[in-house]
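Asker: Chain by chain, the residues:
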Amino acid sequence: MKEIDELFLPGDLRYTETHEWLRNDNGNVTIGINDYAQDQLGDIVFVELPEVGNTFEKGEEFGTLESVKAVSEIYLPVSGEIVAVNDALEETPELVNMEPYNNGWLVEVKPDEPDEIDTLMTSGEYLEMLEGEE
Amino acid sequence: MRYLPHTEEDIISMLRAVDAETIDDLFSMIPEDCKTKGSLNLPEAMTEWELNAFMDNLAEKMAVSPKYKVFIGAGSYNHYIPESVSYLLGRSEFSTAYTPYQPEISQGTLQAIYEYQTLVTRLLGMEVANASMYDGASALAEALLMAARVTKRKKVAISGLIHPHYRDVVRTYLEPGDYEIVELPRLENGKTDISAVAGMDDCAAVAIQSPNFFGCIEDIRETGEIAHESGALLILSFTEPLAYGLFKNPGCQGTDIVCGEGQSFGIPQSFGGPGLGMFACRKKHVRDMPGRLVGKTTDMDGKAGFVLTLATREQHIRREKAKSNICTNNSLCALASAMYMASVGGTGMRELACLNYDKAEYLKRALREAGFEIPFDSPTFNEFVVNFGEGFKERYKKLMEELIIAGIPLDSWYPDLSGHYLLCVTETIGRAEMDNLIKGVRA
Amino acid sequence: MKELQGTSGLIFNEPLLWEKGKKGRSGFSMPRRDVVPSPLDERLVGDGPDFPDLSEVDVTRHYTRLSQWNFGVDTGMYPLGSCTMKYNPKINEREASLPGFAGAHPLLPQELSQGTLELMYLLEEYLAEITGMDAVTLQPAAGAHGELAGMLLMQAYHKSGGSNRSKIIVPDTAHGTNPASAALCGFQPVAIKSGEDGIIPAEIIAALMDEETAGIMITNPNTLGLFEENIRRIAEIVHSKGGLVYGDGANMNAVMGIVQMGKIGFDIMHLNLHKTFSTPHGGGGPGSGPVCVKSKLEPFLPVPRVIKKGNEYLLSGDFPESIGKLQAFYGNFGVMIKACSYIMSMGSDGLKRASQLAVLNANYIKESLRDVLYLPYDKECMHECVFSDKLQETQKITTLDMAKRLMDYGFHPPTIYFPLVVHGAMMIEPTETESKEDIDRFIQALKDITAEAGENPDLLKTAPVRPKLRRLDETTAARKPHLAE
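Protein chains in written order, with my numbering: chain A, 75 to 208; chain B, -4 to 438; chain C, 16 to 500.
Honestly, the hints are just simulated from the structure, not real lab data. The reader is advised that the hints may include incorrect statements.
Partial chain C-side listing against chain A, Cβ under 7 Å, derived [what the hints assert, rightly or not]:
| hint | residue |
| --- | --- |
| 1 | Arg485 |
| 2 | Glu489 |
| 3 | Thr490 |
| 4 | Ala493 |
The calculated lysine-lysine pairs, modelled on DSS-like cross-linking and capped at a C-alpha distance of 30 Å, are [to be verified]:
| hint | chain 1 | residue 1 | chain 2 | residue 2 |
| --- | --- | --- | --- | --- |
| 5 | B | Lys388 | C | Lys174 |
| 6 | C | Lys174 | C | Lys35 |
| 7 | B | Lys316 | C | Lys323 |
A virtual CB, placed ideally from N, CA and C, is assigned to each residue, including glycine.
Modelling step: build the complete structure from the supplied sequences, incorporating the hints.
Answerer: This is how it looks when you write it as structure tokens:
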């Protein structure tokens, strides 16, 4: 397990308490899990994602990530409709571990309320939250 | 007592180490009003020799082969079990081991169960099989629940020619969940009437048994086609796996889930249990499947080995979201069946199945010649229904005194079939015994 | 190097069944053909299964070699917490294989099944006596099956009283089968936290228990090996709101002849014959999970039930309020014989002695290892004790590492990472059939291993080295499942 100062948390992303990240791609947003989450989960063996067209509320469970011995729910940081799903994860779930911010992305969402994005944490605020939990 | 190794000195020494005066001190946290007063009212402990005499006496009161000729199947079958299988099953490294959660020291169980899974897929023509469930009945219930999960529907259509006890178990399992169970009637030829299925577009699954309770082979492919048209899965149940040594397997006929009773393969009848719930499905549904699964992998030196896998479906990880609550299964019975399948072999399985079929056909013919009606003309395997007529009860009792059990009457389950009996013939019944039965029923 | 109990010997590699054999070989004595072949519609005939053809020698060598790769109770100490891996008496096997039992068809006319029916009747009586409950069903095939039966009984009871309760209270220390069984029955499990002292505080139950709640599922002794001291008060609270108390009896081995489960407030409870009552685990089963109930739940028990009329034993389905059937026939009779033989061999004094010694053994281990392993609940335990890897944190050694190293020392590891409330849990249940010498050897092994953790951690990180295989790649097995060939 990594120490807090070993974590990689890109500055241009937003973060949630449940360890998801969000990137604003001019309108739509891309969502994944961050370095802390993938490190804690260990080797990911299976990813369960919703279908394109499904809609969720902010904070609602939208899928699960499975390691050998555990299952973790993932929660959508903003309300919206799923417009794309990372199909590559079906064959290669390890992408979530290896490239959590790039090819390990989970879903792309068309947000209902773009303002919700600003309520999410910056990398600095997220780090503070983690340190507080220690 | 030979299972309790502690001597008085051991106990004294250990009590000292835990800072207790007496053993009773260790139970001081138990509230007084919860404690047992005095001794339990149980018989005095028996010596090994007394226990043997007691059990011998009870066992002698049973009507079993070879003294009795029992012509009953109906979900429990008398097949020969090779002595080698019983012997190997007695190896205590198999029987006294736990579930193989520590794979490095459980490769015996793990490889054996991987082999069992493979043999079951080959027998049934399916892609994956699990490491066992309790019995054919609970396996069918779990199959229906799985189909409901996969299709997200709440209605199931089950044939009225599935074993009556299996249908009872299904009802018990499905009762809490608000499922609608539609029972399919039978045709004159002894098969299931599947015509009603075409009109249902909200079925999770259509379940039939083949050979069915009357011993008849069902139209598996046709049933599957109709089911799939409306988006339902086809579930095939069985009580006699030996049939698939001869007949086309369910997998090559479009079946989605196969579940049944494996007791015929190397497991003693034992008054109905333990049995063996065989369960197999398509690979695409594997993550919805209940039960344990053994998978092949390698160790850190690259050597091939086996582990329990896809455990995130199971209760110890998923808890209330698990696919089933099953933990302990029937692993040793699965092992027995694998040893049996290995001993009989592919060539032998075919020969043995043909022998069962031919013997049952011999009896059928002889009964017809003796003037009895065989009401269902569909092909059967090693069981079939004969109409002995209303007054047969007296004859049946007489035959019991002559140490012959002439099948099982159907009227308790199918009131319109009074006087009809279900007979079973396996390789354990000789021609002379069948001739004897004919003589007996004729009189 | 000092001599450990675990050593290496000559065992054999052995391929898979279908990698052996030759077409035409047979390991089966084909019975004599005394009838002519009968015609059969070709369209129904299949190719037959693609099984290998093996000789009896092939099969015997195959399974003998496979058995050598396994560790069983007969091999050595198997201290799996909550599993009660006690010695499996061989005489029980003899009774179960008596032809009159093994060869009995379940649908024989009842007058010809008096032996098996009498045995079931007796076993029900014995289990009722041991638990202090009123009526028993032997039908469930395993503990989880018994839990399902219990949940169905609860539901039937409430329905018959006109109430429709949807929730059930389940402690965080519960075995996974508890919430899974509740969910199978349509109940919504409400999780509660045990207190700092490892047991459930009555106040939490008082706060949660209402008329929407069917009752509580509680394991006693619990999965931390502790007696739920507030159980009477908890039962009172649940009963006061019309609820029922379900007891998970997996840990019955701590209290036979000592605690009256009927008196502590249980309305329904299950037993695991393959734990407390010495029947073998079989590499995962078969087991047997009888359910014992108070008389108010008797009408709902599964059918058929064994009843006695004069001197005759009968199976009766005449129970209109029954929850129905859970298995095709009457339960795992072959397992029941072994449990019955065990009870008859031990008698009342023997069973009580077994529980007493099981508890003594566990406390002895707890006291002997408290300096090298962290004890999250520093109080008297019952038949099992729970440690964690907290003291090994700075050395970056985990419970898993210690468990794997134990194999090299010749012991099966204890239960690890359960219960979930203890991070890095190591649950040790020696049972009463382990002698002081074997336990001392086990204690010494763990002491040596914790010392190795400091001096030579690689020994743990690379363990085990002595078994046939070393640590296996479970990740690839889950990513790319290879489940059959």
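Asker: Please go over all the hints and tell whether each is borne out by the structure.
Answerer: Verification of the supplied hints:
1. Arg485: violated (17 Å)
2. Glu489: At 5 Å from the nearest chain A Cβ, Glu489(C) passes the 7 Å test, so the hint holds.
3. Thr490: holds (4 Å)
4. Ala493: holds (4 Å)
5. Lys388(B) with Lys174(C): violated (41 Å)
6. Lys174(C) with Lys35(C): violated (58 Å)
7. Lys316(B) with Lys323(C): violated (42 Å)
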